[in-house]
Amino acid sequence: MDFEDDEAPPLLVDVEGQGDAEGGADRTRVPITIVTGYLGAGKTTLLNYILNEQHGKKIAVILNAADIEKTLTVNTGGEQVQEWLEVGNGCICCSVKDQGVNAIESLMEKKGAFDYILLETTGLADPGNLAPLFWVDEGLGSSIYLDGIVTLIDAKNVLKNLDEPAQEALPSEGHEHEHDGHAGPLLTTAHLQISHADVIVINKSDLVSEEELEAVQARVQAINGLAKIHITQHGQVPQLEGFLLDLHAYDNVGTLDVGSRGHSHLDPSISTVTILVPVLAPEQLPHLDAWLRSVLWDSKLPAPSNGAEDEDKDNYSLEIHRVKAKLPLSTGDIKIVQGVRDVFDILDAPQNPSAEPTLNGKIVLIGRFLLNKPFKESFISAVGQT
Amino acid sequence: MASESPAKRKCMGGDCDNDAGTLQCPTCLKLGMKESYFCSQDCFKRNWSTHKAVHKTQSNFLSNLIPPKVISEPDPVTGNYNPFPTFPFTGPLRPVYPLSPWREVPKSIPYPDYWKDGIPASEQTFKGRTKIEILDKKQQEGMRKVCRLAREVLDIVAAAAVPGVTTDYLDEIVHKACVERKSYPSPLNYGQFPKSVCTSPNEVICHGIPDQRVLVDGDILNIDVTLYHEGFHGDLNETYYIGDKAKADPDSVRVVEAARESLNEAIKLVKPGALFRDYGDVIEKYAKAQKCSVIKAYCGHGINSLFHCKPNIPHYAKNKTVGVAKEGMCFTIEPMIALGTHRDKTWPDDWTSVTQDGKRTAQFEHTLLVTEDGVEILTARFPDSPGGPIPMPVAAVETNGANGNGVH
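Residue numbers (UniProt numbering), protein chains in the order written: chain A, 1 to 386; chain B, 1 to 408.
It is worth saying that the hints were derived from the structure and are not from the lab.
Please read these numbers as outputs of a predicted model, since none were measured by experiment.
Here a beta-carbon is modelled for each residue, glycine too, at the ideal position from N, C-alpha and C.
Wrong hints could be hidden among the right ones.
[Stated by the list, open to error] Label-pair restraints from in silico Cβ distances:
1) A:Ala218 / B:Phe126: 53 to 63 Å
2) A:Pro10 / B:Lys268: 32 to 42 Å
3) A:Glu214 / B:Lys285: 36 to 46 Å
4) B:Lys285 / A:Glu109: 23 to 33 Å
5) A:Asn252 / B:Pro383: 38 to 48 Å
6) B:Pro98 / A:Pro350: 21 to 31 Å
[As the list claims (entries may be wrong)] Not the full set, but computed from the structure, chain A residues with beta-carbon under 8 Å of chain B:
7) Ile144
8) Asp163
9) Pro278
10) Trp297
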């Protein structure tokens, strides 16, 4: 079956100086993008477009993450190959890594690395449940990293999807803290797919009028003011880089310019909130961590210390889907915060010598029950004065 | 990792005792096998006809799923054999089959749900995967009891772990000791694990299957015992020196004591409010100071009426694990520490996890209960428990002065 049956042994290769095969830290890591969207939003068309487009990249497409042990399509220069994903048995219990991550890693070990991996979810998937699985701890030295989440929406149907519970309101998984007592406004899978997205592709724009398209755009931006929005027809995108690929949505935060003006009430369920905060001293970082733990782990905004503590506990409960922050320190360093659902990390910002010094830090939160809450007061009171 | 020194590699050539440099078989590399080193092109050429068979086993994707048809010739005297003769083992250790027949647990002892089909269905429910259980006083008493029994069983089997016995013999001891205590040996058929205890010698990180291999003077052996008693699991393990040779080997002592002490350091942190993500920082810091690495693929786990549940407790630094310890939670911490690489590889038996460089690893584990103001080590040692810390052999200081431990 293969060429190595002919007799001559190949020349040995000298691996000295070729990076550290064992170290892992300096291995090149392959980006993975999660692609979500309702059935009919055009995911498959888009992925086929990518698979057939000449881009000179070896892109693996994993169809339907719910069934990850099934197959995977790899595109190498226009040629498509189906592969079986091998899901190791081993210990389901105490293995830290998600099985899907393991399966992809072991495939790459055998077949050589891909340039890129696209993971298509089912139409009903909540990307907030998937993202933490693929946002692998840096300490684990995985050969893949989460590049970002791309959500496709169907310009014609998205408003309807947002307003009526097409399926039983919302997926129950991951929503165990259902804010005892007050159910809050309707939350659909469409909300979840938009709120977690780093890039939103408004597809099928040719099927709606200009006014309708503007309404869609405004609604989407009100939900998620951070995501980059692209408008397309037939799932065709002008270029892949920065669009679907190389998003760096989990290692960089960009400028954090929020699309719509401040907090908008256009969507009753989900909104984006920006908090401007002062430059922090390094000693305040543990307080920042504690504030984030309260907001993300306990779903609770710490009450500002200026009294008013007990007036209404509900005022301080919330549900965060995504958080990003850029926080300049008094030392001149810049910290960034990345978070999806309850998982978060505080990192050093990538070095950018050309950047002008920033006078303010910025925290952007996307989630539920965010309106009319004293975010800034809470934060300042938690981290203390500089 | 930068701190890892380049391993002394042996040439893969079957007839060659030379150390290998940095020359690797290109086909192996392409297939993702990174340990295929040869001393020279000549030697490679000489061994090509046998070496290339390795590529065959690897290039077939399914070779890891379907056991190879070839099995090695059984030893004519013992009838023992290696079930995976073409597998590229990472170190000197080999499986020694056949495994002994299945050991039964009397029907009078309550079984966990996976006893028959191997599937721990109760762990796979949404609740089992997401919720961290807070145990009430009665449940805590149940945990206390099973953990004490588990400690008794570990102590009994540890006393029997001496040069000349097989790991299967140790399995028999564990099995009987469990049954005597009206307990089901939790590993048995958990995810189809075939035996009642995990025995992990030398380069085995964890989940070693007891077989016919005879322990030799100089081995280190981890024994991982879990009992299921009156509805609760109690889980602990320790690594033991087999014979005096092991106690005299500086590397073995270094890795075993690093594992023991890193667990102790981590346990010191446990109290209500302590963050799950912080234990790994302490463990990795300690291991690194001993010039060891932390295995990352396996972590500690919640334990109660379920064998494995939330929370996950990674042992490596800088993890993003969510959550804090609260009074009434039970979980394990069980760092696995290696002399060389932290990277792991699983044998085709789907259980045995070994280091990719074949160097030794050690592990210690306790089941912990978070108390009102700290922690109770439910599986704590008794005053007369076998094993326990030993000092660095004196010879090490003399011959190994270069590593900074010297007292010149």
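Going down the list of hints, with the structure as the test:
no.	hint	verdict
1	A:Ala218 / B:Phe126: 53 to 63 Å	violated (36 Å)
2	A:Pro10 / B:Lys268: 32 to 42 Å	violated (54 Å)
3	A:Glu214 / B:Lys285: 36 to 46 Å	violated (55 Å)
4	B:Lys285 / A:Glu109: 23 to 33 Å	holds (30 Å)
5	A:Asn252 / B:Pro383: 38 to 48 Å	violated (56 Å)
6	B:Pro98 / A:Pro350: 21 to 31 Å	violated (56 Å)
7	Ile144	violated (15 Å)
8	Asp163	violated (28 Å)
9	Pro278	violated (26 Å)
10	Trp297	holds (6 Å)
Violated hints, in rising order: 1, 2, 3, 5, 6, 7, 8, 9; the structure is consistent with all others.
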